[in-house]
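Could you build all of it, start to finish, from the sequences and the hints given here?
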Amino acid sequence: MTNKIPVFQAQKSSQHDMSINTELARKILTGFLHSEVTRTGFTKAVLGLSGGIDSALSCYLAAEALGAENVLAVRMPYKASSPESLSHAQWIIDDLGVQSLTIEITDMVDPLFAKMPEINNMRKGNIMARQRMIILYDQSAAFPGLVIGTSNKTEILLGYSTLFGDSACALNPIGDLYKCQVRQLSRALGVPSEIVDKAPSADLWAGQTDEADLGYTYDQVDRLLYLLVDERYTPQECIEAGFTADFVHSVVERVRRNHFKRILPPIAKLSNRTIGYDYLYLRDWGT
Amino acid sequence: MKCTIALAQINTKLGCVEDNLEKHIEYIKAAQTQNADLIVFPELSLTGYALQDLTSTVSHRPTADDPIFRPLLEASQKMDIMVGFVDEDVRNRFYVAAAYLSHGEVLHVHHKVYLPTYSLFDESRFFAWGDGVQAFDTPFGRMGMLICEDFWHASPPYLLWLDGADILLLHSASPGRGLGQQPELESAHWVDHINRAYASLFTNFVIHTNRVGYEDGLNFWGGASAYDPNGQRLVLGPRHEEALVMVEIDLNQLHRTRARLPMLRDERTSLVQREMNRILGSGDKNSGR
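Order-wise, the sequence lines are chains A and Y.
FYI, this note's numbering numbers position 206 of the first sequence as 210, with every residue one higher than the one before it.
FYI, this note's numbering numbers position 72 of the second sequence as 77, with every residue one higher than the one before it.
No wet-lab data here; the hints were simulated from the structure.
There may be inaccurate statements among the hints.
[Stated by the list, open to error] With a straight-line Cα cutoff of 25 Å, these simulated BS3-like cross-link-like pairs (lysine-lysine) come out:
hint : chain 1 : residue 1 : chain 2 : residue 2
1    : Y       : Lys83     : Y       : Lys7
2    : Y       : Lys18     : A       : Lys48
3    : A       : Lys31     : Y       : Lys18
4    : Y       : Lys18     : Y       : Lys28
5    : Y       : Lys83     : Y       : Lys28
6    : A       : Lys83     : A       : Lys202
Predicted model only: the values in this text are computed from it and were never measured.
If you want it as structure tokens, here you go:
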């Protein structure tokens, strides 16, 4: 008898689909940029344009939010930077009609490298990122405009950035988007497909790629971070969901170890009212 | 009887009460040109939302001698007004509050009962929680006011319904969150969902105004709405943009819907009371508190 009872199976949903509604994201993020730039008394923005997808997306959003003429895109190549990066950045400048400036950092950082014969690539990369920050913050005063951040959620969580370097900004429109979501939104906003589809790279030396540095692909780590952070899975639940234990534990540890990059430096509390603990105001206070 | 309601989904300046009052007066004037009977402003419309340590500096008392409430009470001679503000009581406790003003009088003040203190929220760090949910009479019938998290819980709307409110006035400063594939955020979808449910379950009017704009990285999504006693949506304001959203409600719809669907008549309130007494008296720790 029982085999005659019609059984209706629920369709397996595409649970944990990370795709987003790009029109809604575009509306919220351009509104955010316009509101948070103009309420401080600015009308313009400055950003570093590397030729990669993250800064491209921030640039497209800023141009739409503020008007292309109010955005200054700064290209800051080093002598070892790929010429392709420079030309990809130029595509974006030409496509959007934003203002632009090219300042090579070789002459600024090489003298410091020369004083440190034992310097390694990691230290060089940090110095270059911080030199670019110095240029952007100088242009922030000169243009004038607020510095727009270009770090995505994946790299912020992994700490794949230079503290006070590429992570330094006045506001960040894309820091709550994982890399795969950055790709999706970039396509929707018309970022050239060559830029969207190329292997992400910090472009510190020839042939460098993020995924080789990290030891895994963005697609893998995006999915894991999404479960850990957004869906509040335990590491064990992530392993049960199909990730290897080594991968899960290394990412969990990396996220924890790099938390210092995501918060202001702790201030030692002495008084009854201490900045960061019980002196609490939004940045938008009074605006 | 009909009542024309203006839903003012405004942006606010954080901690700048005078500037926000000026915007209230502008919207009230605009609503007058639309022949509104009632204008509903969002949660904390006079102060902005994420006040943190500004809380104690922006409080006002809803009285005729208060410099902020005096012009609002004057404006209420021509149109009923619901505003959001920080109320400081005589013992210096601060509340997220809503006031209903009509013909120069304060008809009712509601103090937010549920202060979300989880996720991005930290309200009970700064505010005292309200300790009552009461309906009140207005020229347009009996109403009840609730503030944001109050109506994420089922009991406050239910209590107002039993206390005679036929119109639920809900207002929010709801930070948008939960971006997926849908054309609205999960938080917006959720609020719309429950408001429709309250209108349907209680055969009531449900009026909701939510603010727009940004505070640091938080976005507020607007989308003011009104539902009739059949659970039909009468209006939906634009998302993320300031607007004065106009809607006319026909109070005779209460008669027509409740003749068909006597949910109120059949509600077993004494059963509810009896079972509540049993549940709360049982000492079972799993029963809530």
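Hint check results:
1. Only pairs whose Cα atoms come within 25 Å are accepted, and Lys83 (chain Y) paired with Lys7 (chain Y) is accepted, the gap being roughly 16 Å.
2. Among the hinted pairs, Lys18 (chain Y) with Lys48 (chain A) is consistent with the structure: their alpha-carbon atoms are about 21 Å apart, no more than 25 Å.
3. Among the hinted pairs, Lys31 (chain A) with Lys18 (chain Y) is consistent with the structure: their alpha-carbon atoms are about 21 Å apart, no more than 25 Å.
4. Of the pairs offered as hints, the one joining Lys18 (chain Y) and Lys28 (chain Y) holds, with about 10 Å between alpha carbons and a cut-off of 25 Å not exceeded.
5. Proposed proximity of Lys83 (chain Y) and Lys28 (chain Y) is supported: the alpha carbons are some 17 Å apart, at most 25 Å.
6. Restraint check for Lys83 (chain A) and Lys202 (chain A): the C-alpha separation of about 21 Å stays at or below 25 Å, so the hint holds.
Of the numbered hints stated above, none is contradicted by the structure.
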